[in-house]
Amino acid sequence: MSASNGIIVKTKNLTKHFGHIVAVDDLSIEVHKGEAFGFLGPNGSGKSTTMGMILGLIAPTSGSAEVFGLEAQHNLPSILPRVGAVMETPGLYPYLSGRDNLKVFARLSDHISDKRIDEVLDLVEMSSRAKDKFSNYSMGMKQRLAIACALLHNPELIIMDEPTNGLDPAGMKEIRELIIELSKQGKTIFLNSHLLHEVEQVCERVAIIKKGKIVVQGLVKELVKAGDVLQIKVNEPDKAMAILGGQKWISSVNKEGDYILLGVKADKAVDVSALLAKDGIFAAEIKAKENSLEKFFLEQTEEEANA
Amino acid sequence: MLNMIKVELTKLRKRKMTWILLVVLAAFFCIMVFAAYGITESPPEHMPEESVGELRSLLQFPDATGLIFSTARQIGTLLMIILVASAVGNEYGWGTIRQVLIRRGNRYKYIIAKLVAFIIAAAIGLVISLIIGFVLVSITSNLLGSINWDFITSSYVGEFFRMFGWTLFSLLPYILLAFFFAFLGRSALAGIGGGLGLYFIESIVVVILSNAGGWLAKIPHYLIGPNADVLVPSIEMQGGPFASSGDAPSTLWAAMAVLIYSVVLLGISLWMFKKRDITA
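Note that the protein sequences, when read in sequence, are chains V and S.
Reminder that position 85 of the first sequence reads as 85 in my numbering, one-by-one numbering, no gaps.
To get my numbering, take the position in the second sequence, counting from 1, and add 307.
Simulated from the structure, these hints should not be mistaken for laboratory data.
This one's a predicted model, so the numbers in the text were calculated from it and none came from an experiment.
Incorrect hints may have been included.
Among the chain S residues that face chain V by a calculated CB cut under 7 Å, a handful are [as the list claims (entries may be wrong)]:
| # | residue |
| --- | --- |
| 1 | G402 |
| 2 | R411 |
| 3 | D584 |
Just so you have them, the derived chain S footprint on chain V, three or more residues with Cβ under 8 Å [as the list claims (entries may be wrong)]:
| # | segment |
| --- | --- |
| 4 | 55-68 |
| 5 | 72-80 |
| 6 | 84-92 |
| 7 | 106-115 |
C-beta atoms are modelled at their ideal positions from N, C-alpha and C, and glycine is treated no differently.
Chain V with its partners taken away, still in its complex shape (with noise of 0.2 Å):
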């Protein structure tokens, strides 16, 4: 059983209604093999319900959602050895400490052994803690149990429901780290999330979904690429500001912080810097502006909400 050319979840249409609420609509999207595909989105956008479509928890109302090229409502036994979830919520047994979780778990699967589990609570640096009740961790420790949980029978398809929910800056860092290095283990990584910042680090692609519908998909890369705008630094910026000002093919001259901003293409940074160094201004950097991945993400829900 492999995935038809590398692709390893693939929604068709995917639709779900849960009475006259439209939580998912005509969802279409490609999970690529190996790749750290970010699921963006504001709280109530459908991620989580569109996730569970993959999982077989919910039923789609209509359309498909395909994981290693089998549908995935009918064939779960088939499909979810190889997947390993992390949910939103942290669901293990309070009332057990971490290692009697994740042997309940093993259990549920075919040949783990116990020096898996130890590898898997190294992993997530839960070792000294093992023995203790679930009901007794943090916040940031159930969800590295969740993890190590969903690690065990080591899945080729990692899905994580907002993984760094409730954690502190240390803990999400911790996390981010882990999912750049199972990424980098090679194995296909879908990440649900709000944190843009956090979807930017760890991510190649990224769909934005709003409303239950996809905004925009693509690279990240693609996605952020530099705009029409130049940014330099130089040693007397009021008088730069003012030779820039006076060209016409500058559409605007504003200043940042030390920076000053040109609404120009990139390729025109030879000119800019030509025209500086005549009046005997030099620039200690000059580059593209770089969007960030959150101010593409308002932008296209903005867009989106205004249409």
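Chain V is already provided as a structure; the job is to place chain S on it using the hints.
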């Protein structure tokens, strides 16, 4: 499947609630037996001597066997409703149901594994009840005279195992009732409330209908409790509606009624669990 059953048993064994319910079971037996013994020692003034004699007999072998089984069924029913409803309902509350189902996609297997684990737990609980009951009655037998073990014959042993089987079987519809309500309400509270509520309401309805006479008195024949009572007669039954009217259903009828209730409740639970989305 075997692994899933083992997992369910492990979860029950590691829960504090299971052990608390076991302590409640033991405490109930102790209170009941020693309270009854206390009554035989200093009976209330208005209590007829004949009734005191009956009570003495119930606290000694072999008559005590019926009392032990009937008590085990009655308290066992209540405790199993609580155990089953909390074990099923808390899976929703803790979010563990999703974690289990994304590891094993087969929902039917999950339900069957849970049910088998509950039946095993009920059987173990029943064995423990019998041990506690026999120990306590051995004490009261000694206090009231002396124990004579001559009653243990091959026919007694046969009857003992038959009673064990009927007691376990009569717990089944209540296990499934708690199961059904916990799945329906996706919570422990719904399972406990629904299971215990129906148990007590049914008891009241049975008394009212049995006393109403006519065709109304036949309705209890179609309910769970009166049929379970036929399989494992409760001590109260001697003065209860069926005993007075002599209109109890046959054992075959009772067994079929309990079986039908169990199958229907299991069928609805399976269908509902298969069809519904797991969103929480």
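**OP:** Could you tell me which of the numbered hints above are not met by this structure, giving the numbers in increasing order?
**Re:** No hint contradicted; all consistent.
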